[in-house]
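Asks: Listed below, chain by chain, are the residues.
Number of protein chains: 2
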Amino acid sequence: MNAPLTPAELPVVAQRPVPPAFLDALQARFGAQCSTAMAVREQHGRDESVFVHVPPPAAVVFAHNTQDVADAVALCQTHQVPVIPFGVGSSLEGHLLATQGGISLDVSRMDKVLSIEPENLIARVQPGVTRKALNEALRGEGLFFPIDPGADASLGGMAATRASGTNAVRYGTMRDNVLALEVVTAAGKVMRTGTAARKSSAGYDLTRLMVGSEGTLGVITEVTVKLYPLPEAVMAAVCSFPSVEAAVRTTIQIIQLGVPIARCELLDGNTVRMVNRYAKLQLPESAMLLMEFHGSPSGVAEQIETVKALATEWGGADFSWADTPEERSRLWTARHNAYFAGLQARPGCRAISTDTCVPISQLAECVTHTVAEADAAGVQYFLVGHVGDGNFHMGYLMDPNDAAERELIEKLNASVVERALSLGGTCTGEHGIGLHKRGFLHREAGDDAIEAMRAIKQALDPQGILNPGKIF
Amino acid sequence: MNAPLTPAELPVVAQRPVPPAFLDALQARFGAQCSTAMAVREQHGRDESVFVHVPPPAAVVFAHNTQDVADAVALCQTHQVPVIPFGVGSSLEGHLLATQGGISLDVSRMDKVLSIEPENLIARVQPGVTRKALNEALRGEGLFFPIDPGADASLGGMAATRASGTNAVRYGTMRDNVLALEVVTAAGKVMRTGTAARKSSAGYDLTRLMVGSEGTLGVITEVTVKLYPLPEAVMAAVCSFPSVEAAVRTTIQIIQLGVPIARCELLDGNTVRMVNRYAKLQLPESAMLLMEFHGSPSGVAEQIETVKALATEWGGADFSWADTPEERSRLWTARHNAYFAGLQARPGCRAISTDTCVPISQLAECVTHTVAEADAAGVQYFLVGHVGDGNFHMGYLMDPNDAAERELIEKLNASVVERALSLGGTCTGEHGIGLHKRGFLHREAGDDAIEAMRAIKQALDPQGILNPGKIF
Numbered sequence: 001m002n003a004p005l006t007p008a009e010l011p012v013v014a015q016r017p018v019p020p021a022f023l024d025a026l027q028a029r030f031g032a033q034c035s036t037a038m039a040v041r042e043q044h045g046r047d048e049s050v051f052v053h054v055p056p057p058a059a060v061v062f063a064h065n066t067q068d069v070a071d072a073v074a075l076c077q078t079h080q081v082p083v084i085p086f087g088v089g090s091s092l093e094g095h096l097l098a099t100q101g102g103i104s105l106d107v108s109r110m111d112k113v114l115s116i117e118p119e120n121l122i123a124r125v126q127p128g129v130t131r132k133a134l135n136e137a138l139r140g141e142g143l144f145f146p147i148d149p150g151a152d153a154s155l156g157g158m159a160a161t162r163a164s165g166t167n168a169v170r171y172g173t174m175r176d177n178v179l180a181l182e183v184v185t186a187a188g189k190v191m192r193t194g195t196a197a198r199k200s201s202a203g204y205d206l207t208r209l210m211v212g213s214e215g216t217l218g219v220i221t222e223v224t225v226k227l228y229p230l231p232e233a234v235m236a237a238v239c240s241f242p243s244v245e246a247a248v249r250t251t252i253q254i255i256q257l258g259v260p261i262a263r264c265e266l267l268d269g270n271t272v273r274m275v276n277r278y279a280k281l282q283l284p285e286s287a288m289l290l291m292e293f294h295g296s297p298s299g300v301a302e303q304i305e306t307v308k309a310l311a312t313e314w315g316g317a318d319f320s321w322a323d324t325p326e327e328r329s330r331l332w333t334a335r336h337n338a339y340f341a342g343l344q345a346r347p348g349c350r351a352i353s354t355d356t357c358v359p360i361s362q363l364a365e366c367v368t369h370t371v372a373e374a375d376a377a378g379v380q381y382f383l384v385g386h387v388g389d390g391n392f393h394m395g396y397l398m399d400p401n402d403a404a405e406r407e408l409i410e411k412l413n414a415s416v417v418e419r420a421l422s423l424g425g426t427c428t429g430e431h432g433i434g435l436h437k438r439g440f441l442h443r444e445a446g447d448d449a450i451e452a453m454r455a456i457k458q459a460l461d462p463q464g465i466l467n468p469g470k471i472f
Numbered sequence: 001m002n003a004p005l006t007p008a009e010l011p012v013v014a015q016r017p018v019p020p021a022f023l024d025a026l027q028a029r030f031g032a033q034c035s036t037a038m039a040v041r042e043q044h045g046r047d048e049s050v051f052v053h054v055p056p057p058a059a060v061v062f063a064h065n066t067q068d069v070a071d072a073v074a075l076c077q078t079h080q081v082p083v084i085p086f087g088v089g090s091s092l093e094g095h096l097l098a099t100q101g102g103i104s105l106d107v108s109r110m111d112k113v114l115s116i117e118p119e120n121l122i123a124r125v126q127p128g129v130t131r132k133a134l135n136e137a138l139r140g141e142g143l144f145f146p147i148d149p150g151a152d153a154s155l156g157g158m159a160a161t162r163a164s165g166t167n168a169v170r171y172g173t174m175r176d177n178v179l180a181l182e183v184v185t186a187a188g189k190v191m192r193t194g195t196a197a198r199k200s201s202a203g204y205d206l207t208r209l210m211v212g213s214e215g216t217l218g219v220i221t222e223v224t225v226k227l228y229p230l231p232e233a234v235m236a237a238v239c240s241f242p243s244v245e246a247a248v249r250t251t252i253q254i255i256q257l258g259v260p261i262a263r264c265e266l267l268d269g270n271t272v273r274m275v276n277r278y279a280k281l282q283l284p285e286s287a288m289l290l291m292e293f294h295g296s297p298s299g300v301a302e303q304i305e306t307v308k309a310l311a312t313e314w315g316g317a318d319f320s321w322a323d324t325p326e327e328r329s330r331l332w333t334a335r336h337n338a339y340f341a342g343l344q345a346r347p348g349c350r351a352i353s354t355d356t357c358v359p360i361s362q363l364a365e366c367v368t369h370t371v372a373e374a375d376a377a378g379v380q381y382f383l384v385g386h387v388g389d390g391n392f393h394m395g396y397l398m399d400p401n402d403a404a405e406r407e408l409i410e411k412l413n414a415s416v417v418e419r420a421l422s423l424g425g426t427c428t429g430e431h432g433i434g435l436h437k438r439g440f441l442h443r444e445a446g447d448d449a450i451e452a453m454r455a456i457k458q459a460l461d462p463q464g465i466l467n468p469g470k471i472f
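Residue numbers (my numbering), protein chains in the order written: chain Y, 1 to 472; chain G, 1 to 472.
Since the hints were derived computationally from the structure, they do not count as laboratory data. Where hints are given, some of them may not hold.
Since the list gives no way to pick out one identical chain from another, each pair is judged satisfied if it fits inside one copy or across any two copies.
[Said to hold, decoys possible] Here are the computed lysine to aspartate or glutamate pairs in the DMTMM-like style, where the Cα-Cα straight-line distance is at most 25 Å:
id : residue 1 : residue 2
1  : Lys-189   : Asp-447
2  : Lys-226   : Glu-365
3  : Lys-189   : Asp-448
4  : Lys-226   : Asp-176
5  : Lys-226   : Glu-119
6  : Lys-132   : Glu-48
7  : Lys-308   : Glu-119
8  : Lys-226   : Asp-111
9  : Lys-308   : Glu-232
10 : Lys-411   : Asp-375
My request is simple: use the sequences and hints to build the entire structure.
Replies: Now the structure itself:
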């Protein structure tokens, strides 16, 4: 029997000094592409996490191409200075914070779609291309890129955190949709992993090792992703339920029956209320599933018929349907605004978001216990979930300067993780470990797996310059 | 410009001496589970590859459980003796050969299905369970495990080589279908990777690193795989084409249109002839696609209608259909017998099988050039392909003792790989690197990726005892 899981730790800030010779060399190589202005540094030294008290990086380098990245990393290697890749700053787990000092390497200007190959259903992009920009570039090709983590994240960042979000229930996560990478190694070399072929058994799967490595094994400078033909028919639906449990039970049956649903998202009644206020909507303020169905017209009709029958059995009512892009966007407003609606419900607050993912049959137990515990503690939260994957987020709202509130919420957070692990799940479905879940990862993976991960880190980044202090 | 790819090398045999103290310790620990009988050793020192002149391992240990594996590996570690995991021996790439000596660790008696969780669509199995045995155990559950590499391979071996085969075009490969593993490390520790959740961002993806590592990073002792609901309707179809190119062009369009075809397999006319003779069938002896469609009855009907229209445009004719399990098995006989029908077409021969996989749009060019080259060289071959993935196999038939013939065929083999790489593909879609494709891997992956792979190998197996000499 394990000891109870301790709440997620605060990051230890131990910034290594940055040698003046290093900053000189950086300025000499990058000129105006390198900034030491405090405002720029501060903007790169935070993210959407609760960690707000870490000093910013010593400088920010704006890379324009792979050679810039390689040169910046090589300089960091020479001077043993940490380097933290930066996309759009939408991390929720403190990935971007300079807890050990060093520089931020901003790749957001590497924003070119390098090639689109409709005949092979792939695109090659620079890491700063966001998911919306890629889909914009695909307009007129009859293709789309499905991974949608909510934020308009960069594809480099999404690969680095193994992101997923809505659509993953049908199309998989970044793990499944990245075919190949270009990566700058800790030594500043430019390495290619994978090929444009759909499958391969050629040696160790370096692509999958880099996906989810959170900038600790290399800096991603190019991503080759899978694309999908736009479905012939798309129907979005919203359905209200008498309880969170009823919505989750419906989801479990949808998955167990193998319905190829494209999106299946949960909001609890409280969150719908926040979203109504934030986005001026009039949705029924009870637990809700937001769904989307892709396929041929008859295939979509079949899926809908099955799902309607299941939902009705669990008390689902007030179905709304949308089949034009405009109406679908309106329905999806609720989901995409949930995070910011939650933050706005309490001015000045930050959210600590859980990210557990459990085997689908355990989801109802995991969610209902979690909600009951939060309600009993009297904390404010929003609840959303990619429930088709068994993944949900409790967004506990807290004043980042209130230590007592934080302690209470971190205890709740640890309790959710404990529950998810005991049910065969994981502490993070899609946000990554970053700073906040390092203790949780250790519990989940165990000593031997952590030892293997550390050995790999040591092998590929012996000086520990690549985003140090994250994951472990 | 790279220098021309050299033909695949013969394995260098440099067997390390096995200390007598080690064999004594092995006998003391394993008793009757350890055999040094020459017949047993010889049976474990070969596989389906062309390599027939390597001396067998010094002993064979039959593991019954994870502890046996851990103890055997720990003894090997102590005495610095190579250990080669063995499932059913169906490798095509020399994975099982004791080129550096050591012992074979046979896990085929670890053949228990540990749990089936229909409610989570997963099964947990020991590594010696074969794919057919798993599907037998699933009978009555309404579920199936789709990965079908042809041979009734063990799931441990399939995970170790990142296998796929028919069905991968719809259901993915072992990369996509292994959720979690138990692995014995080089130090003899029992490590768990992954969880039963469908997705996770928890640290480095050790599961995907182990899948495809060919026994060089750990010994797989348990595999958790995804299962799928049996489709409501299944229809198999055979269609003949005037040429290999016409069959491949039809396939390319099927994939580009996003038809969710479950199987799409090519045989050339020559191979159909071999299969007719071997399995006493009367199939039309021209290029042929074997297809399977899964879905709802109306969904399957829609897919068939689309595919028929595409096939007809390319001259497809003689459609045969099968919707009962018996009839489907009869149709699939052709595909499943192709390998042995090929071998039997020339008594005493071995086959050198290519395994290239290219982006789908390049498949016609890759296949037609390959066939033309083989025909011009006057060699005997069979041609089969998981063409929906862009993956095909030329099985060149050769007398393993005829050096000149071997040289000619290895040149053809290298030429196919060169072509596939220049078209953006990989040297191996599903067989792995083993002994035979080490030079090809180096060309494909490049120096930096090879260096990263070697660093990982060194980190996780510093003494080099785990299946040494394979992959690199």
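Asks: Which of the stated hints cannot be reconciled with the structure, identified by number in ascending sequence?
Replies: Going through the list in order, the structure violates no hint and respects every one.
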